[in-house]
Every structure is written in structure tokens, then in C-alpha cells.
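**Student:** Based on the provided sequences and hints, a complete structural model is requested.
Protein sequence lines, in the order shown, are assigned to chains E and U. Residues in the first sequence are numbered from 40 upward in steps of one, following our numbering. Residues in the second sequence are numbered from 2 upward in steps of one, following our numbering.
Don't read these hints as lab results, they were simulated from the structure. Watch out, some of these pointers could steer you wrong.
Computed list of lysine to any residue pairs in SDA-like fashion (alpha-carbon distance at most 20 Å, straight line) [stated by the list, open to error]:
hint	chain 1	residue 1	chain 2	residue 2
1	U	K67	U	N436
2	U	K533	E	G84
3	U	K533	E	G111
4	U	K533	E	N143
5	U	K514	U	G632
6	U	K533	U	I153
7	U	K533	E	D110
8	U	K533	U	A248
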Amino acid sequence: MKSAAPNGVSVVVTVELFGLARVRAGVSSVCLTVDAQTPVTELLGALAQECPDLVGSALCLSDRGTISVADGYALNRNGLAFLSPEIEAPLDWAPGDSLLLLSNQAGG
Amino acid sequence: MSALYGYRGFATVVDLTTGEYRRDPIPQQALRSTIGGIGLGTWLLHRYGSPPVDHDGDLLSDDNRKQLLDAALEPANPLIFVTSPLVGTRLTTSSKFAVMTRSPLTGFIADGLSSSHLAVELKRACGDALVITGRSQYAALLHIDADGVPRITPAAHLMGLSTMDTESAVKQELDDGSRRPVRVACIGPAGENLVRFASIANDGGRQAGRCGPGAVMGSKHLKAIAVRGNPESDPPIADPMALRAYARDLSRRSLGAATAKYRELGTIANVSVFNRLGTLPTRNFQQSTFEGAEAVSGEALHQTRATRSAHCANCTIGCEKIVTVGTKDTGANGAREVSARLEYESLFALGPLVGVGDPDAVIRAVRRCDELGLDTISAGGVIAWAIETAERGLLGNPQVADDDGSAGRSLNFGDGAAVIDLLDDIGHRRGPLGNLLAEGSRLAAERVAGGSESWAMQVKGLEMPGYEPRSLKTLALGLATTPRGACHNRTSAYDADFSPEVDRLAVDDQRGKIAADSEDFAAALDSLIWCKFLRRAFSDFWEDSAAVYRMVTGWEDFDADELRRAAAHIADLKKAYNQRWGWRRSDDTLPGRTLNEPLADGVAAGVGLTSAELDAMIADYYRARGWSAEGRVDLAVIAL
Ligand code: SF4
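**Tutor:** Here it is, written out as C-alpha cells:
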């Protein structure tokens with residue numbers, strides 16, 4: 040399913056879910072159509088709409104109504120750079136981009 | 002001397018050659034400056050296991066490496082079980098002990114950890130440490146009961162038994178009808194046969210696995226130790242009320258978001274993530290992604306296999322996942338039911354690393370390692386080396402013996418049944434191939450030569466864990482420099498790579514400091530001893546841990562800074578130990594493949610790590626440690 044297309048140039052970003060996020064959502068990835076300049080928080084908001092079971096586990100809802108990653112989770116772009124959870128500025132999304140939602144605990 | 006809280010203040014020293022024992026006092030300053038666990042264990046290694054002469058570098062040459070490795074299997078090499086000031090408290094994850102010796106695989110420090118109620122019994126019966134020297138003239142069981150007197154009894158009837166069967170048999174034999182069973186640590190056939198990466202097992206298959214302490218135990222003809230202390234021997238706690246309150250709060254925090262991954266999926270959840278990030282070593286590190294990763298991923302195993310959680314002694318988290326395959330009904334086509342403790346490192350080593358994508362085969366292989374008492378990482382590593390070497394035609398026509406001993410199959414990546422058969426060959430040193438691989442990948446490659454040294458994926462002789470260093474540059478430095486060899490546990494440098502803190506694919510001049518700090522952090526965890534999976538449950542690890550240490554010991558002026566200094570001192574002591582056993586600058590390196598071949602696949606395809614880049618990071622690391630440019634520590638640290 041796709042979220043409502045926002046304004047401006049739209050791109051499809053794949054949110055890939057790992058670990059508990061995947062178990063909670065019951066899917067391993069979700070495709071979201073978003074504005075190419077969408078901040079991560081808005082992307083996560085779209086993800087929360089698609090996968091409401093993630094809210095309260097991998098995602099959390101702030102008092103201001105924005106969505107962020109919960110404690111214990113991390114974000115990574117395209118399998119390369121890890122993103123700071125505080126990042127609010129819009130990122131340039133390109134077609135084919137992925138946002139990975141995964142545990143921030145790497146130890147094994 | 003002031004009253005001692007949290008510690009016993011002595012070590013029990015048993016000489017298996019003479020059967021004599023004594024109690025050696027441990028100075029308070031040594032306890033305080035090395036904390037316990039691996040820190041105190043390193044201090045004890047200097048005390049009981051130093052080389053005959055205080056060498057400073059000339060001990061090791063390529064010619065005498067094998068001799069020095071073999072000397073680790075001589076009676077003089079001590080095997081030391083060490084507790085910590087937290088052992089015996091109600092603090093979550095604290096029932097752990099360290100096993101220290103000189104490794105017959107690396108020739109350097111071997112510092113393992115395991116979890117068990119054995120830690121509590123050891124502290125009651127033996128003090129802060131049990132030091133075992135010498136060699137029994139016969140296969141022996143070392144039994145220490147509440148009176149603290151070691152008894153050495155024949156154990157011929159236990160020889161050949163698996164680790165699990167040995168533990169059960171010893172518990173049954175020593176069952177005195179009381180409610181408190183003896184706690185047991187033992188070796189399996191691999192330790193008896195001096196496989197250089199044999200582990201010591203306890204609690205039904207938990208392993209102090211790396212660096213071959215099981216071979217050292219086997220060299221002493223010691224099949225098992227069994228301990229049951231007197232609860233009245235527990236040392237007093239300086240501030241029990243405060244400690245109880247802290248323990249309650251920590252237990253609560255241990256069930257929060259910081260440990261959710263470990264509690265629910267366990268470390269096997271790493272497989273799918275590492276695969277996506279191009280850091281899942283596959284087919285002997287020839288690839289960094291595995292096409293069969295999804296089938297063996299933690300997420301899939303939880304859905305497709307019977308999985309339950311298990312807890313180490315005194316742990317609220319319970320990261321262990323016991324996975325069962327097969328059926329009880331072994332008739333018709335039913336495969337025998339087998340359960341194994343599955344964690345990421347075992348799964349990676351006996352799965353992607355050897356190209357096996359059948360989860361059942363991986364689980365059976367892990368179980369077989371635990372029965373034989375083999376380190377899963379080294380076992381998978383040396384088998385992966387053998388398969389590649391065979392594929393390149395350097396091993397002739399190697400045959401893996403089948404279960405019944407008949408000549409069997411050849412070696413190929415992806416053949417799970419052959420891997421299991423080969424584990425048996427290694428564990429029993431059966432046949433030329435089993436015997437060769439029981440030596441570990443470094444010695445095996447030196448013997449086979451033909452360039453195979455460059456794809457023997459080991460550092461200092463210890464096989465690499467399941468993290469691809471070319472796509473994790475901070476960890477690459479940690480793996481190269483950690484005294485134990487290629488170990489991810491004694492450095493937690495990967496934490497930086499899996500964060501926005503650094504560019505994990507690039508090298509910069511910050512990594513030396515990050516690697517040194519992460520090693521200090523691990524040294525503090527491993528000496529106190531906390532489980533590393535608890536590490537993010539602290540509000541401030543250093544402050545919290547120093548406060549706990551004060552509550553336990555009553556040393557009111559001990560603060561976070563002193564804990565940091567102790568951690569750095571422990572790193573110095575470890576390095577000094579290796580130096581005394583001939584460490585050279587060239588030992589801090591990575592395998593030829595890592596330094597010469599860029600990654601072939603995955604998101605990091607084309608990324609490599611050059612010798613010059615690694616050397617620059619190593620120089621930064623030595624600087625951060627305050628060591629010489631050649632990486633040497635002043636041996637005066639031993640006396641501090
Ligand atoms: S978190 Fe896991 S490894 Fe650590 S003590 Fe608990 S069960 Fe053992």
C-alpha cells in the first residue's frame with residue numbers, strides 16, 4: 040500500500056524492517072510514496088499509518104504528535120549511512136532509496 | 002589490614018602433579034586495581050604463568066612459534082577460574098566467571114567468560130580464584146566441596162563423553178541428597194584430544210569457548226571440576242541495603258527497550274541486518290552477503306522452528322534462544338530431534354561462513370560443537386578455510402569420514418552434512434584432515450602453504466568472528482589490536498560502526514581513540530563482570546558501576562575515574578603479558594584477504610582496507626594507549 044502522495048516531486052522510498060520491527064509489522068518492507076524532500080519524521084509518520092503495530096514498539100508518538108524511532112532502534116539509509124535519530128532536516132530522497140529500521144544493538 | 006567486603010582475598014592453588022594445594026593471599030591493591038574477572042585474571046596470569054625469563058620481545062620467531070604454542074599444553078601453563086566482586090550478589094547477569102590461561106591456539110592471553118552458578122560456588126569454595134597447575138597422572142575429576150579441600154579422583158569412566166553427558170554424570174555421582182547440587186565445568190572429546198580451539202563447558206552446553214582453554218584443561222588430564230561451596234563463606238557486602246535497591250532498579254531497567262532485541266529475538270537477529278549492511282562474512286569471507294541469509298535469519302527461525310528463551314544463571318534478560326529441529330519419532334524419514342543454543346556467532350560460523358543455508362543443518366552443527374566442546378567460531382572458520390583450500394586444489398582429495406568411519410564425502414561450500422561429519426573428525430582428531438584442522442587455521446595454513454595463509458581468516462591465530470572488517474573499519478582496528486586475537490567481545494568497537502558517529506566504510510584518525518575507549522569499556526564490563534548485553538541499561542555505565550563497586554567493597558573513594566584507570570591498566574597488563582610471551586608489532590594485523598581484496602558484493606562492494614590504512618589506525622591506537630610507536634607497553638605496569 041502507498042501513503043497519500045504529498046506535494047512536489049514524489050518518489051517511492053522502501054522502508055525495510057529488521058528484527059522486532061519486522062516481527063511486529065508482519066512484513067519485511069513497506070513502499071511509501073513521499074515528497075522527495077520529506078524529513079525523516081514525516082516518513083516515519085507515513086510508516087506509522089501503514090503499520091500501526093509499530094507505534095509503541097519501534098516507533099513512538101511524541102506529545103507534539105510527531106513520530107520518531109523508539110529507544111533501542113536505529114535508522115540507516117540505503118544500508119550505508121546511519122542517521123542521527125534527531126535529524127529533522129529534509130533529506131533528498133531519490134527513486135529506489137531505502138530507509139532501514141533496525142535495532143541499535145549490534146552485539147552478538 | 003581493613004576488613005574485606007565483596008572479595009575473599011585469596012586464591013586456591015591446586016597442583017595436579019603433586020595433588021597439593023594452598024591458599025595464596027591476593028593483595029587488596031591488586032584486587033582494587035584489576036577489579037576481578039578478566040582484569041584480576043590477567044594479574045594472576047602474570048603471577049602464575051609468566052615465561053621463565055622476563056623476555057621483552059625476542060621470544061617468538063616464525064621457527065619456534067609451534068614450540069611456544071605447544072608449551073601452552075605443558076603442565077606449567079596455569080588454568081585459572083576467576084570470580085568477581087559482584088558474584089554472589091543479586092545483580093542481574095553477574096553470575097559469571099572468567100577462565101584464563103595461555104592459549105595453545107594463539108600463544109597469547111586466553112581470557113574467556115561464562116555464566117553459571119558455578120561462579121558463586123567457586124567464590125565460596127576457592128576464594129576469588131582457582132588456579133590449577135601441573136598435570137594429573139591419570140584422567141581426573143577435581144572436586145572441591147564446602148570444606149574447600151580439593152580432591153582429585155579418577156575420571157577414566159568419563160572420558161569420551163560429551164560435555165552434557167559429563168556434566169550430568171558428575172552431578173549424579175556427587176549428589177549427596179542436599180538441595181544444592183555441585184556445579185560443574187568440563188571438557189568434551191575435543192579437549193581430551195587437545196584440539197587447539199576446544200572449549201570448557203558448563204550448564205548444559207554453555208561454553209568458555211575462544212582460544213582453546215579446553216585443550217589446556219585436557220593437557221592437564223582434567224576432565225571436569227565440580228564445586229559446591231558453603232553459603233556461609235559468602236563475603237560480606239559493605240552496603241547491602243543500597244545494593245539491593247540498586248539491583249531491583251537494574252533488573253527493572255534490564256527489561257526495557259535497551260535489551261528488547263536480545264530478550265525477544267536474541268543475537269540471531271543480526272543475520273538479516275548484517276546481510277543487508279554487507280557485513281555478513283560468507284564462504285570464508287569471499288563475500289559479505291549470503292543468498293540464503295533469510296532462511297537462517299533470526300526472524301525466520303522464530304517463525305519456522307520451535308524456539309524458546311533461556312537465561313544464564315541470575316539473569317533477567319534471557320537472550321539465549323534454544324531452537325529445536327527434527328522429531329521425537331525417528332522412524333521412517335523422521336530426523337532425530339536436536340536442540341541447540343543458538344546465537345549469532347555460532348549461526349554465522351556454521352551457516353553463511355561455510356555456505357550452509359539449511360537451518361536444520363546449522364542447528365545440528367552447533368549442537369555437535371557443544372557436545373564435542375568446540376569453539377563454534379573457530380570450528381566454522383577452519384572448516385571454511387579447508388573448503389576454499391580444497392576448492393583451489395591445495396588439499397589433494399580430502400575426504401571427510403562419515404559417522405561410521407568409512408571414507409566419505411569431499412569438501413564443498415554448502416554441504417551441511419559434511420560440515421557435521423568434519424566437526425566429528427576435528428573433535429576426535431580423526432584422519433589426516435581432522436588432525437590438520439584441529440590445529441586451527443593458522444597452523445594448518447602454514448603446513449599446507451601455497452598461499453593459503455592469506456585466506457586463513459585469523460588474527461594472532463584466533464579465527465575471525467562474524468563481522469566483515471572491510472565494511473566496519475573501527476572494528477577492523479579492534480580485531481587487529483586486541484591481545485586475544487580476532488575477538489569482537491574484548492573490543493566493542495563495532496558499536497561506533499553501527500552508529501552515525503563514524504563512516505564505517507572509511508578510515509580516519511579518530512579510530513585509535515574510539516577503539517581504545519571501546520576496549521576499556523569491555524575490560525570494565527568483563528572484570529566487574531556484567532553481561533555486555535546489559536550495557537545500554539545503565540544511565541551512565543562508569544558512574545553506575547563505580548557506585549555499585551563502592552556498595553559492594555566499601556571503598557568509598559573509588560569513583561568512575563578510578564574505574565576508567567583500572568580498565569586502561571587491565572589493557573596494559575594484557576599487552577604486557579603478550580609481550581612477555583613474544584608479541585611483535587607484526588602480530589597486530591589482519592588476514593591477507595582483508596588487506597588485499599576489496600569486497601566483492603553487497604552495499605559495500607569495491608570497498609577494501611589497505612595495509613597503509615590499517616597501519617595508520619594502529620599508530621593512532623598505540624598513541625591513544627600511551628604505548629611506544631612500536632606498540633610496546635612499559636613492563637613496569639606489571640608491578641603497579
Ligand atoms: S543477557 Fe544473555 S548472555 Fe547475558 S547473562 Fe543474560 S542470558 Fe546470558
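**Student:** It remains to establish, for every hint, whether it holds in the given structure.
**Tutor:** Hints and how they fare:
For the proposed pair K67(U) and N436(U), the alpha carbon gap of about 15 Å is at most 20 Å, so the pair holds. A C-alpha spacing of about 33 Å is found between K533(U) and G84(E), which places the hinted pair above 20 Å, so the restraint is violated. For a cut-off of 20 Å, the pair hint linking K533(U) to G111(E) stands: about 15 Å separates their Cα positions. Taking the CA atoms of K533(U) and N143(E), the gap is about 14 Å. The hint holds against a cut of 20 Å.
With a C-alpha separation of about 14 Å, the suggested pairing of K514(U) with G632(U) holds against the 20 Å cut-off. For a cut-off of 20 Å, the pair hint linking K533(U) to I153(U) is broken: about 35 Å separates their Cα positions. For the hint pairing K533(U) with D110(E), the CA-to-CA distance comes to about 18 Å; that is within 20 Å, so the pair holds. Straight-line distance between C-alpha atoms of K533(U) and A248(U) comes to about 17 Å, which keeps the hinted pair within the 20 Å bound.
In summary, the numbered hints that this structure violates are 2 and 6.
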